[in-house]
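Colleague: The lines below spell out each chain.
There are 2 protein chains.
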Amino acid sequence: MRTLYHYWLCPFSRKIRLMLHEKKLEFQPVVERIWEHRPQFVSMNPEGLTPVFVEDDGKVIANGYPIAEYLEEIYYDPPLLGDTSTQRAETRRLVAWFDEKFNMEVTHNLVFEKTMKRKMGLGGPDSGVIRAGQTNIHDHLAYIGWLVDQRNWLSGHHFSLADITAAAHLSCIDYLDNVPWDKHPEAKEWYTRMKSRPSFRAILQDTVPGITPAAHYMDLDF
Amino acid sequence: MRTLYHYWLCPFSRKIRLMLHEKKLEFQPVVERIWEHRPQFVSMNPEGLTPVFVEDDGKVIANGYPIAEYLEEIYYDPPLLGDTSTQRAETRRLVAWFDEKFNMEVTHNLVFEKTMKRKMGLGGPDSGVIRAGQTNIHDHLAYIGWLVDQRNWLSGHHFSLADITAAAHLSCIDYLDNVPWDKHPEAKEWYTRMKSRPSFRAILQDTVPGITPAAHYMDLDF
Numbered sequence: 030m031r032t033l034y035h036y037w038l039c040p041f042s043r044k045i046r047l048m049l050h051e052k053k054l055e056f057q058p059v060v061e062r063i064w065e066h067r068p069q070f071v072s073m074n075p076e077g078l079t080p081v082f083v084e085d086d087g088k089v090i091a092n093g094y095p096i097a098e099y100l101e102e103i104y105y106d107p108p109l110l111g112d113t114s115t116q117r118a119e120t121r122r123l124v125a126w127f128d129e130k131f132n133m134e135v136t137h138n139l140v141f142e143k144t145m146k147r148k149m150g151l152g153g154p155d156s157g158v159i160r161a162g163q164t165n166i167h168d169h170l171a172y173i174g175w176l177v178d179q180r181n182w183l184s185g186h187h188f189s190l191a192d193i194t195a196a197a198h199l200s201c202i203d204y205l206d207n208v209p210w211d212k213h214p215e216a217k218e219w220y221t222r223m224k225s226r227p228s229f230r231a232i233l234q235d236t237v238p239g240i241t242p243a244a245h246y247m248d249l250d251f
Numbered sequence: 030m031r032t033l034y035h036y037w038l039c040p041f042s043r044k045i046r047l048m049l050h051e052k053k054l055e056f057q058p059v060v061e062r063i064w065e066h067r068p069q070f071v072s073m074n075p076e077g078l079t080p081v082f083v084e085d086d087g088k089v090i091a092n093g094y095p096i097a098e099y100l101e102e103i104y105y106d107p108p109l110l111g112d113t114s115t116q117r118a119e120t121r122r123l124v125a126w127f128d129e130k131f132n133m134e135v136t137h138n139l140v141f142e143k144t145m146k147r148k149m150g151l152g153g154p155d156s157g158v159i160r161a162g163q164t165n166i167h168d169h170l171a172y173i174g175w176l177v178d179q180r181n182w183l184s185g186h187h188f189s190l191a192d193i194t195a196a197a198h199l200s201c202i203d204y205l206d207n208v209p210w211d212k213h214p215e216a217k218e219w220y221t222r223m224k225s226r227p228s229f230r231a232i233l234q235d236t237v238p239g240i241t242p243a244a245h246y247m248d249l250d251f
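In order, the protein sequences belong to chains A and B. Heads up, our numbering is the position in the first sequence plus 29, with the first residue counted as 1. Heads up, our numbering is the position in the second sequence plus 29, with the first residue counted as 1.
One should not assume that every hint holds.
A pair counts as met if it fits within one copy or between any two copies, since identical chains are not told apart.
To be verified - Once the Cα atoms are required to be at most 20 Å apart in a straight line, the calculated SDA-like pairs of lysine to any residue come out as:
no., residue 1, residue 2
1, 146, 161
2, 130, 64
3, 52, 71
4, 146, 129
5, 217, 152
6, 143, 240
7, 217, 240
8, 130, 171
9, 146, 239
10, 146, 116
11, 146, 133
12, 130, 75
13, 146, 134
14, 52, 238
15, 146, 250
16, 130, 150
17, 88, 54
18, 52, 144
No lab work stands behind these hints, which were simulated from the structure alone. All figures in this text were calculated on a predicted structure; none of them were measured in a lab.
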């Protein structure tokens with residue numbers, strides 16, 4: 030059975046969980062507490078981070094970028110990057126936008142700072158960092174709103190890994206009730222469509238020990 | 030003519046420059062000073078960062094990850110990711126290692142801090158950040174040494190985008206004379222091999238206005 034080592038509020042893990050569900054690939058999710066530095070886990074990924082994917086044949090693939098590209102290569106249908114090189118370039122640009130820029134400016138400031146930082150032995154949350162994340166998120170939600178207004182889905186007419194990646198990050202932040210949806214109705218409409226996809230079900234059922242999700246976290250009509 | 034908008038000490042731009050040379054694709058390099066926020070450039074890449082690649086037919090591809098994947102898709106020969114899905118996953122794992130982890134722990138602390146930060150209006154260099162980069166680089170050079178001892182090239186028996194990516198970052202740091210080569214002979218031997226590749230020539234001839242390269246920067250025997 031395919032196995033995915035993940036952590037609940039790791040956006041990179043959520044991206045792969047969503048991708049596996051969209052491609053209808055069965056897998057066993059295993060929660061990895063990376064701060065325990067489990068030798069068996071570190072031997073699979075020297076970087077010590079989730080996600081790590083283990084194929085049926087035992088092949089180990091570490092890091093969200095190689096896993097996503099691998100899944101698209103081997104299990105092409107339905108395509109999640111796009112069916113032309115131009116479309117794939119645009120999807121990948123937005124995947125990078127959310128995994129790099131959004132992560133650095135928003136997800137890390139809010140999710141890592143509030144949940145993982147203490148577990149990693151890096152002290153308590155810094156209110157200045159959290160405030161920066163709360164400020165930065167507005168520009169990104171406005172960008173999502175602009176994109177879906179032009180294109181229906183983030184990278185074009187079709188649902189893609191860009192939508193999955195953005196929603197993976199936002200769902201972690203939404204769990205903590207830190208997404209100002211009321212100020213961004215276009216982004217909210219897009220996220221409502223994301224939440225109603227069957228692939229999103231498992232994500233919405235996550236319960237992180239010691240952290241209660243926002244009251245509306247599971248609601249499809251929020 | 031294909032065009033690459035790049036900046037001399039941008040490791041992501043250097044990766045694409047090296048990749049284009051390895052694939053023997055002619056292109057016109059254009060230096061982009063991203064801190065000028067040129068509207069025409071921002072319209073090509075809303076993130077406002079280098080590299081941006083413009084194809085012969087006018088197609089625009091922004092960000093190092095989509096450009097690299099596009100070049101490998103369209104101009105496959107010579108393959109730089111690998112010829113099996115397992116090999117490609119390992120190459121991409123190491124590309125992510127250097128573009129994400131190494132960049133965050135080393136390149137950003139040394140190159141951005143010393144050169145770009147002031148241009149971006151973010152104040153002068155922080156000596157604590159620079160010291161952290163100088164400390165962190167040792168573990169990475171040791172990892173490179175370990176990999177090439179096991180495998181000849183970083184991701185396996187063949188030269189790949191992993192070597193290109195690692196060398197793109199290290200060459201920026203070497204320009205500033207901040208790589209402790211004397212403590213890491215295995216990594217130095219590998220970098221000597223990289224420097225002697227024809228694709229590296231243009232990189233070694235870079236001269237950044239106002240920043241003199243290290244005395245040994247261009248030497249193949251350093």
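Colleague: Tell me the hint numbers this structure goes against, listed in increasing order.
Modeller: Failing hints, ascending: 3, 5, 7, 10, 14, 15, 18.
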